[in-house]
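S.K.: Please put together the full structure from these sequences, using the hints given.
Letter by letter, the chains look like this.
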Amino acid sequence: MSVAAAHVTDSRETRSGARGDWSSLLYVAPFLLIYIVLVVYPLFSGMWLSLHKADFFGERVFVGLENFTRLLADKVFLGTLWNTFYFIVLTVPALAIIGLGLALALNRTTRAAAVLRGVFFSSSVLSVTIVTLLWRVVFIPDGGFIATVLEMFGKPPVAFLSDEDLALPAIAITTIWWCIGLPMMLFLAALQQVPKELYEAAALDNAGRWKTLWSVTLPSIRRTFALVIIIEIVLQFQLFGQAQLMTLGGPNNASRPIVLFIYEVGFNRWDIGYAAAAAQILFGLILMAALAQYFVARRKGEA
Amino acid sequence: MAAGSMVGRTLSDRLILVAVIVLGIVMVAPIVWALGLSLKTNAELMVDTSSVLHAPYTLQNYWDLVIGSPVFRWFVNSMIVSLGMTIGVLVLSSLAGYGFARLEFPGRDIIFVLVLFGLAVPEQAVIIPRHQLFSELGLHNTYIGLILPGLSTSFGVFLMTQYFRAIPREVDEAAMLDNATRFQVFWRVLLPMTLPAQATLGIYTFLHAWNDYWWPLISGTNAQMYTVTVGIASTQINFAESAGLGFLMAQAIFAALPILIVYVFFQKYIVRAVSGGAT
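Residue numbers (my numbering), protein chains in the order written: chain A, 1 to 303; chain B, 1001 to 1279.
Treat each hint with caution, since some may be false.
Stated by the list, open to error - Subject to a maximum C-alpha distance of 25 Å in a straight line, what follows is the list of computed SDA-like cross-link-like pairs (lysine to any residue):
1. K53/A x L1137/B
2. K1268/B x G1088/B
3. K155/A x L1045/B
4. K1268/B x Q193/A
5. K1268/B x S122/A
6. K155/A x D1048/B
7. K1268/B x L285/A
8. K1268/B x F225/A
9. K211/A x V1020/B
To be clear, the hints were calculated from the coordinates, so they are not data collected in a lab.
M.R.: Encoded structure:
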């Protein structure tokens, strides 16, 4: 996902490099070989496969775009598209705003701020399977953390993960908890880059804290804000583990994302042509977001 | 953003402090709750989970884990896969980064752009053909099979190319004057200068390999080949009727511990690697 600094090329090197010959290829050949076999070939092979009716054991019939027309009429698939978009709406703005708030609050040199930064980033180093295990015992109605707290106040437990309206929001809360470290750190890095002179000028104008925040700080980190939004869209688009482990996409498909659909169609139903077609749609959507990231990152010098 | 003490002077300072503390509690609550559950016997938890709030506590679950859990086997698998992937990525990315930054060969710039394009290809989009390929090659449920896909990501090549480009060409030229061969220039002169980038890339790769769920879930389906991440998932599938809440939590805490300990000591580098990897 790191198209960001791709523009930093040094044109000088094209001219004055070591003399061109085929032995130079030896340095890049090992990587290129793996890249071609494991990325380029599967990419095109998957596109070709998506035009076939195929199962795992080799039977293949060319069907043209039939898989795609089937997908667009498949209520479950359309539901996964909706769930994925809904999940992005639930998580991405929250991650950006909480991340920015934490960065603003913790952008200090005190020991307490350093410890708190460490605490808020710590969940980011855990694997999805540990995170979901921790949060399932928060959410389960039978002895979960929330249920236990509710019980102390004499309230009945809530079955978050088996309620159609609450399953995806519960997964979103888990995800925000897991992922909050990255946006916070990106904003902190951006805040460090704001020129001191701007604050000095604002102080000379007797601008208060909120005025300084609105007219100096936030405009200076505009580009980072856009970048955080796009990075998180790309990341959250790939929602899989949390849904697979916490709800299995249920109840009644209410929390099934695109990637879980691809996984189940491909590896449970072995309808691999159909799964490959769904994967092409995922690829197209992510490609658009990645291109947006590239163009935002390219404007580094401007804002 | 004047540097000031956390203890507020004004009302808004205090409100910010309260908000941060509340969020901090939300941050640690699930871990503390899991820790509490792991220190309780199943018999006690069956009756009432609010008993977590008071003694008696016991290490029984951890002891059961030491004698009867496959978690150690998973650790060994994770370690082999993560180290293998880290070393592989560092070697391949350094060679390719040097090649793209310093050498000339036919089609270099176009090939580099095509490699960068790989950054926009999510693993999930190529999973079906990749799975088939590994079936044909008989690589499922092998360490090589678990490691290889990690070596195909373009990020490391991109990072190292940028880093080599930032080193002034005069460094190479001076070494060339001393009659060093091209490989000696790469190996003895330039490579040591890329150490900070190697550290960033190494930590980033290791963490990703250790925490990866998607590929090991699909390729390492044999219980003997589970990594920690997949192993912990396998215990959750039969959540209700499995070994018991206390034991499950002990396993989760135990699995999280090594990475959290490493995090405490190398926090600065890990944060830099993860943030660098994202942008």
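S.K.: Look at each hint and say if it fits the structure.
M.R.: Hints and how they fare:
1. K53/A x L1137/B: Holds: K53/A and L1137/B sit about 23 Å apart, inside 25 Å.
2. K1268/B x G1088/B: Satisfied, since the Cα-Cα distance of roughly 24 Å is no more than 25 Å.
3. K155/A x L1045/B: holds (19 Å)
4. K1268/B x Q193/A: holds (18 Å)
5. K1268/B x S122/A: With Cα atoms ~12 Å apart, K1268/B and S122/A stay inside 25 Å; holds.
6. K155/A x D1048/B: Given that 25 Å is the threshold and the Cα spacing comes to 15 Å, the pair holds.
7. K1268/B x L285/A: Outside the cut-off at roughly 34 Å; violated.
8. K1268/B x F225/A: holds (23 Å)
9. K211/A x V1020/B: Status holds; Cα separation ~22 Å.
Comparing the model with each numbered hint stated earlier shows that hint 7 is the single one that does not hold.
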